[in-house]
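Protein chains: 2
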Amino acid sequence: MYDIENSIGFLLAKVYQRGFGLFKEQLDSYGLTPKQFSLLAFLWIEDDLSQTSLSHKTQVDRTTIGGLIDRLEKLGLVKRLPTPEDRRAYRICLTERGRELEKELCGLAARVTEKFLSPLTAEEQTVLRSTLKKLRQ
Amino acid sequence: MYDIENSIGFLLAKVYQRGFGLFKEQLDSYGLTPKQFSLLAFLWIEDDLSQTSLSHKTQVDRTTIGGLIDRLEKLGLVKRLPTPEDRRAYRICLTERGRELEKELCGLAARVTEKFLSPLTAEEQTVLRSTLKKLRQ
DNA sequence: TACCGATAATCAGTGTGCTGTCAATCGGGG
DNA sequence: CCCCGATTGACAGCACACTGATTATCGGTA
Numbered sequence: 001m002y003d004i005e006n007s008i009g010f011l012l013a014k015v016y017q018r019g020f021g022l023f024k025e026q027l028d029s030y031g032l033t034p035k036q037f038s039l040l041a042f043l044w045i046e047d048d049l050s051q052t053s054l055s056h057k058t059q060v061d062r063t064t065i066g067g068l069i070d071r072l073e074k075l076g077l078v079k080r081l082p083t084p085e086d087r088r089a090y091r092i093c094l095t096e097r098g099r100e101l102e103k104e105l106c107g108l109a110a111r112v113t114e115k116f117l118s119p120l121t122a123e124e125q126t127v128l129r130s131t132l133k134k135l136r137q
Numbered sequence: 001m002y003d004i005e006n007s008i009g010f011l012l013a014k015v016y017q018r019g020f021g022l023f024k025e026q027l028d029s030y031g032l033t034p035k036q037f038s039l040l041a042f043l044w045i046e047d048d049l050s051q052t053s054l055s056h057k058t059q060v061d062r063t064t065i066g067g068l069i070d071r072l073e074k075l076g077l078v079k080r081l082p083t084p085e086d087r088r089a090y091r092i093c094l095t096e097r098g099r100e101l102e103k104e105l106c107g108l109a110a111r112v113t114e115k116f117l118s119p120l121t122a123e124e125q126t127v128l129r130s131t132l133k134k135l136r137q
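So the protein sequences, as listed, match chains U and B. The letter at position 69 of the first sequence is residue 69 when you use our numbering, and the numbering goes up by one with no holes. The letter at position 49 of the second sequence is residue 49 when you use our numbering, and the numbering goes up by one with no holes.
Note that these hints are calculated values from the structure, not bench results. Note that the Cβ used here is the ideal one computed from N, Cα and C, for glycine as well. Careful, some of the hints might be misleading.
As the list claims (entries may be wrong) - Sample of chain U residues at the chain B side, in silico, Cβ under 8 Å: (1) Ser7; (2) Ile8; (3) Leu12; (4) Lys14; (5) Val15; (6) Gly19; (7) Tyr30; (8) Ala41; (9) Ile45; (10) Cys93; (11) Leu117; (12) Gln125; (13) Leu128; (14) Arg129; (15) Thr131.
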């Protein structure tokens, strides 16, 4: 018999689900989802990138990135600008509003993370982070 | 600036995604997904339950459970039987075929898990399991 | 018995991940 | 300069997760 309740795969899925839910709850008033936040977080580091390079950086499928950008565009947080030297590609840029949200949303993310990780000691959090990095590849 | 690449939430999402993908790949030839497998794994422990009690046990949303069961039913692995004492509810039971798959799929799951966790030592795996349990709640 | 709140499951709609297909465009070789 | 393979992004379709509304039924009470 398979001890699903104690399998790391199952536990991982449930913990992920809980974290996602917590985050989603807090982002709701902004009309944002955790995935959209994560894309924004990458754009705050560097924007003016093509959808493909964003897809590589974030490890999100190219078709999914398209949909994410659609929604962020509707919210007025990013815009698609033409690329002069390649008419196939867009440059994905933050709007003024998209930049403004950085401080506020980062604070929110920090608070959610703290709540999410509250069952763990600082030491355990550090170990978890390095373990996850090993598993990410 | 938010260091998304090192945030536990982001890493968790990516690791989950990798595990899900690995599992999905292996289950593909059965026409099953990891979520469907996890529901089966619960049913191997105990079946003849209502959708609601399965939803509680597995911590999967009630509406999602309905869809999962739809697909498992189409594959001929489970069936919905009427509940004599409550005409609203179904009893979700494994079919012969659904029971037969247990040994095979559990072996597959064990192999996938081993591959997924191969970057970690046995010690690290144990620590990860107990950390995830703390975070699950 | 007739009604009422609670409960089981479904349906509709949104967000996301993935596969596969397609059109437009790019870049390099003949 | 034209053709071909590669690349960028769009779109359709399937699998979920979750919210909220709806339908059918249950159980208890007036």
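Hints and how they fare:
1. Ser7: Because about 7 Å separates Ser7 (chain U) from the closest Cβ in chain B, which is inside the 8 Å limit, the hint holds.
2. Ile8: Check passed: Cβ of Ile8 (chain U) comes within 6 Å of chain B, closer than 8 Å.
3. Leu12: Hint holds; Leu12 (chain U) Cβ to chain B Cβ min 5 Å, cut 8 Å.
4. Lys14: holds (5 Å)
5. Val15: holds (5 Å)
6. Gly19: holds (6 Å)
7. Tyr30: violated (15 Å)
8. Ala41: Ala41 (chain U) check passes; min Cβ-Cβ to chain B is 4 Å, inside 8 Å.
9. Ile45: Holds. Min distance 7 Å.
10. Cys93: violated (17 Å)
11. Leu117: Constraint on Leu117 (chain U) satisfied, holds at 6 Å.
12. Gln125: Gln125 (chain U) check passes; min Cβ-Cβ to chain B is 7 Å, inside 8 Å.
13. Leu128: Since the shortest Cβ distance to chain B is 5 Å, the answer is holds.
14. Arg129: holds (6 Å)
15. Thr131: Holds. Min distance 5 Å.
The structure fails to meet hints 7 and 10 from the earlier list, while all remaining hints are met.
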